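J.: Listed below are the residues making up each chain.
Number of protein chains: 4
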Amino acid sequence: MSQGTLQRVRFGMIGGGSGSAIGGVHRMALALDGRGELVAGALSSTPERARESAREIGLSAERSYDSWQELIAGESVREADDRVEAVSVVTPNHSHFEIARACLDVGFHVVLDKPMVCDSSEASRLAEAVASSGVSLTVTYNYSGYPLVREARHLVASGAIGAVRKVFVEYHQGWLANDLESSGHKQASWRTDPAQSGGAGALGDIGTHAEHLTRFVTGQAPSELCADVRTYVAGRRVDDDASVFLRYASGASGVLTCSQVCIGAENGLTLRVFGDAGSIAWQQESPEQLVFHDANGKRTVMTRGGDGLSRDAADATRTPPGHPEGFIEAFANIYRGAIERVRGIDSSLSRFAPTVEDGAVGVRFVEKCLSSNGSWVSLSD
Amino acid sequence: MSQGTLQRVRFGMIGGGSGSAIGGVHRMALALDGRGELVAGALSSTPERARESAREIGLSAERSYDSWQELIAGESVREADDRVEAVSVVTPNHSHFEIARACLDVGFHVVLDKPMVCDSSEASRLAEAVASSGVSLTVTYNYSGYPLVREARHLVASGAIGAVRKVFVEYHQGWLANDLESSGHKQASWRTDPAQSGGAGALGDIGTHAEHLTRFVTGQAPSELCADVRTYVAGRRVDDDASVFLRYASGASGVLTCSQVCIGAENGLTLRVFGDAGSIAWQQESPEQLVFHDANGKRTVMTRGGDGLSRDAADATRTPPGHPEGFIEAFANIYRGAIERVRGIDSSLSRFAPTVEDGAVGVRFVEKCLSSNGSWVSLSD
Amino acid sequence: MSQGTLQRVRFGMIGGGSGSAIGGVHRMALALDGRGELVAGALSSTPERARESAREIGLSAERSYDSWQELIAGESVREADDRVEAVSVVTPNHSHFEIARACLDVGFHVVLDKPMVCDSSEASRLAEAVASSGVSLTVTYNYSGYPLVREARHLVASGAIGAVRKVFVEYHQGWLANDLESSGHKQASWRTDPAQSGGAGALGDIGTHAEHLTRFVTGQAPSELCADVRTYVAGRRVDDDASVFLRYASGASGVLTCSQVCIGAENGLTLRVFGDAGSIAWQQESPEQLVFHDANGKRTVMTRGGDGLSRDAADATRTPPGHPEGFIEAFANIYRGAIERVRGIDSSLSRFAPTVEDGAVGVRFVEKCLSSNGSWVSLSD
Amino acid sequence: MSQGTLQRVRFGMIGGGSGSAIGGVHRMALALDGRGELVAGALSSTPERARESAREIGLSAERSYDSWQELIAGESVREADDRVEAVSVVTPNHSHFEIARACLDVGFHVVLDKPMVCDSSEASRLAEAVASSGVSLTVTYNYSGYPLVREARHLVASGAIGAVRKVFVEYHQGWLANDLESSGHKQASWRTDPAQSGGAGALGDIGTHAEHLTRFVTGQAPSELCADVRTYVAGRRVDDDASVFLRYASGASGVLTCSQVCIGAENGLTLRVFGDAGSIAWQQESPEQLVFHDANGKRTVMTRGGDGLSRDAADATRTPPGHPEGFIEAFANIYRGAIERVRGIDSSLSRFAPTVEDGAVGVRFVEKCLSSNGSWVSLSD
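Chains as they are written, first to last, in this note's numbering: chain Z, 1 to 381; chain H, 1 to 381; chain B, 1 to 381; chain L, 1 to 381.
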């Protein structure tokens, strides 16, 4: 390994200025391992706020741009060893497609929040753009970055629970149990505005995480679904609650629920997978434990960082067992995957980082749920 | 309270001999508080086993009968202050109706396991029999006997969580994940034999508990459901897994799942109810805690026996907080309710003990799930 | 097993009338399995209350006695197949010795609450009385009756955790964090009155449970201790908090803490035993799980009633896994042990039921803690 | 806040090269918030390894030094706006004093791991060096950086639990249950070598964390202690287990245990504080919850990031509730405190970052435990 000195991947960021919830998370995830660095930004669509945000985080004035178009233009003309190599797009959903495609067009790798885009048409076109660009796109389905989620995937793939029969996944929050958007709350406002959210509410914001997590762990996508989608808060223009039956070609079935009106729930993302020879259970709010039952029902509680875990889990691990890793570390594993993609490194981190295809499946899932109206619909149409 | 000495209610038992899982539970529940006593039995349909079982539990030979018909006949002719006042029926489901009706006909109160009977027709006729008998019938939906389930009901009824929006209830077991019935396992055999089970499998055995628990706590019954019912174990003749969407006239909705193929699950009965001003969560396997979130999401963990609980919960409580009560004590609360019914005592225990109407709702619920085939069906037809 | 009909052991009870906390527990524990029956009582030292209490629980007026002396006298003259065979003594501690010895003297087996007696002198004399009586004495160290405590003992005895190095045991309550005794609270009053409690407070009431539990599970008694004993509530005449270092001849060491001023603690009895090849952990408030770590730190969570458990645990089990057993069932296992002793049955239940020797060790432990004054004292003096 | 662009604090690091456990943690903690940057290093005492480690982490060859002396010399002669402002010292304990003092002497702020130094004499001299240097020294008692630890401190300080009566703190690990040091394991080797560890084993490595955490939360230091210190693994030259009674001038008392032979324990740091009007409990392995009991025993579970928490907790928080923060984030809060000290910012982060005085108390605590021999010793001598 005695090659040259590590060269950090140079990132730009579009969106993520003051008041953004997720911009700071992306920056922490990028910074954590010292393998990437943020060198440019168009942090807000309001130029003054963009500049102010840049100052706050120590970005040079020279590379703080007033719009995403200027960032692309300005960085494109810099020297190859100086300009951004990748761009993190953390704007509201409706602008994902246009920005991401523009980045790809000039050869910048893209890291993109979920839901990737607003509809399947955009998803298809974005996939084409990636294919023709020669660079990569990574979707931050960040929960798949938890080490014990990687272990869960490994256990299922290695046959430890046998053939999957039943999946229960849920993602419950309570923060939108009331009409928070009317108060001007920034996060609530754009997420419940169909024009910015991409059309869906809870389904796009958290249901798509549950969908991806399940698919990542089981290695299967459902072929049919039946969804009961609801809006509980009066006046809200998007769904805030959905329950979905899943059927798989393998004969497995499942239940996915997502809701933002579950008072008391914070980020209650829980996955249980039952096979014919065992089962696993994992909860995002206690991410350091994975419960495994063998065919006889014997219960083992695995902890992150322990000796017997798979290489996939170890690759995603930073601290010894009992020194908790959390959300930011999991997010950083997606970033490490994106960075290794940029650098052409083949590893579990780069292989597992969600792709444009993963993003497209998620978009399609949300569309089908919204069109189900309580009846069964095929996902392969 | 300085009246005469306590007179225990005299019970007979039909079924529940050696090898029975539930007979012993009924006897412990009956004995626990010293307010009832078992004085007669027809403990098995096999006469020799009935007699042997009677000896094992200390029942007098004189009042150990060779058949349930003989028990009814034999006890009916004893003196009024000596004969059984109530009969516990703990036979497989298919014989519940006939036995219960015969008991009612001679004026014996009845305690009956769930599912109460095999179909709605039997349920209607049994309800009529109760009405015309002048005595009571109690169905042992035992989970409603837990003190903190009573507290949960009280909280919902008193408005502590506001209007109910969302219900999640599940009852997951793993003991039938394999073809246990082929091995001759007694409990597995009759429960998976449609002729004895009443037609349903998991739905009748545990789904009906989930249905009752939810109804007991919320005070609402769904008006429509959509069920995805499955049999995972090859060759099995009844359902072993079901997922059910629920819709309520109030606008609330819910998801009920029950399964007997969830390896590692034991008696995983969990209820969560979310209202527009709070929520509650309770798990049968940790029955001593009830989690309450107020409208601001503040989390209080209530423990059984504590000072601030309702009278309803206190009525069902025997030991101080931290000295765990469990399944048998909850079951005994149903028996105390039945006994107080026999004695004509009005109390939360007697009021809350499930009735023939509760049993009928449960039977109907199972029927509708089995006929849904993944589509919405009305429960009011 | 086709002998004659089960003959229940006939019990009398001394103490345990209205207002008693523990009398009802003893009666439920006795009744639960239908192998014993309460036929006589001197339920209170106040004759009228004794009679009233007897009526409330359905005891015949004829066998409700006005004093314990009358009970012994009255029962002694009944026919052998009618009179009590055993007596449960549930009076405050200061009267244990006199009553128990009187029962033994007339050949009644004794079931006695802890702390067994008030000092080591009484303990020695009681041990002699048992030896010369030909009958048995059982001390209700009830926590040792939990099935998973029996499993823990089995695991240690079978070498599953190797040689014991370290023991942590605690019994924390909060109910005496304030001067409850001044309010006239019955339980608080006698337990904090040295004349009735036997001299100790928390140490006698709960510390002795922790001591026995540890000894039962590890099979070892400490040889030295160093105790820091305190009284936090002003005006209280007994200890309400104690911390004790333990040293064992084997080289093991431990820490025992007991306290009644830990606000929020209910009956927080927790035992952890670390060996050189594994460890176990158990909590009384979650008694249905036993955590086992093997030499590699692999964590298995054992649940009561499961397949892989020892015969000792199975003997103490009534319901399948996931149908919680609790405090009363554990207590009933001590009673089953006492009953099997009376009947001369050799079983794990009768072997494990605590003896007069166990009671004497507990009394000595308390004495030594009270005399330690923060210095090391030998337990073998 | 529209001043100039954020200027990151420039750090150097001494120690922390390949194979170091803690070097990477310090770097992640430093990088997480983008307020500091690592610009120089002497990452190993072996020059070739120092250079290789520098390349791996992207440190320029020019500022990778072959020894800590060269780092200090080389950086001191750089321009003021370019040279390191602070140095993280992450070497084994025995070299802390010399290195830290040398850094202070040239005006570099110091961040130092615990135990700060090897004895009280070094501690006094280091405190003097800080006083005369005009720069700051921060000791990474990292567990005090958890947001809910800050909340716990706030609750105690604000009187929410009344006057402290009883403290239970434990830090249990199992990784040294066997003679791991003989295998050449790097971390085990130096930590069990008295010449490098500073003399203590478990007490210095983890006991001192427990001591600081307790003092941080309660605001009190014990005045006397009595310690039972042990070495369980044959041949080991330092303590691997200790139990300590604590007495406070306020009348409070406590029990501190630390052990590295508790098989199955990972980083089991748990603190419980009982006052006369409430209590708190916190566990490092589940750092996102703080359990609070009020004077009536009502149990509230507080989660990090929630609305009702104190400013102190909020200052230390990055993600919303339910998106777990962990060990690295807590560590980063200590770094943020150190950075704000360097910048002269007064904030809860800078005020709470542990000082040389905190480090000195910890060193003294360890010394006194080691000299106690099971007897009471004063901490004020």
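Bear in mind the hints are in silico, worked out from the structure with no lab data behind them. A quick note: this is a predicted structure, and the numbers were derived from the prediction, not measured. Glycine included, each C-beta is placed from N, C-alpha and C at the ideal position. Check each hint, because a few of them may be wrong.
For each label pair, taking beta carbons as the anchor points, the in silico distance ranges come out as [claimed, not checked]: (1) B/N296 - L/E79: 45 to 55 Å; (2) Z/A234 - H/S18: 57 to 67 Å; (3) B/E62 - H/S124: 42 to 52 Å; (4) L/D81 - Z/I345: 29 to 39 Å; (5) H/A234 - Z/N296: 43 to 53 Å; (6) Z/S223 - H/W376: 14 to 24 Å; (7) Z/W190 - H/A234: 45 to 55 Å; (8) B/L6 - H/A80: 46 to 56 Å; (9) L/S189 - B/N296: 16 to 26 Å.
J.: Hint by hint, say whether it matches the structure.
T.: Okay, the hints, checked on the actual structure:
no. : hint                        : in the structure
1   : B/N296 - L/E79: 45 to 55 Å  : 54 Å, holds
2   : Z/A234 - H/S18: 57 to 67 Å  : 60 Å, holds
3   : B/E62 - H/S124: 42 to 52 Å  : 50 Å, holds
4   : L/D81 - Z/I345: 29 to 39 Å  : 36 Å, holds
5   : H/A234 - Z/N296: 43 to 53 Å : 20 Å, violated
6   : Z/S223 - H/W376: 14 to 24 Å : 21 Å, holds
7   : Z/W190 - H/A234: 45 to 55 Å : 50 Å, holds
8   : B/L6 - H/A80: 46 to 56 Å    : 28 Å, violated
9   : L/S189 - B/N296: 16 to 26 Å : 21 Å, holds
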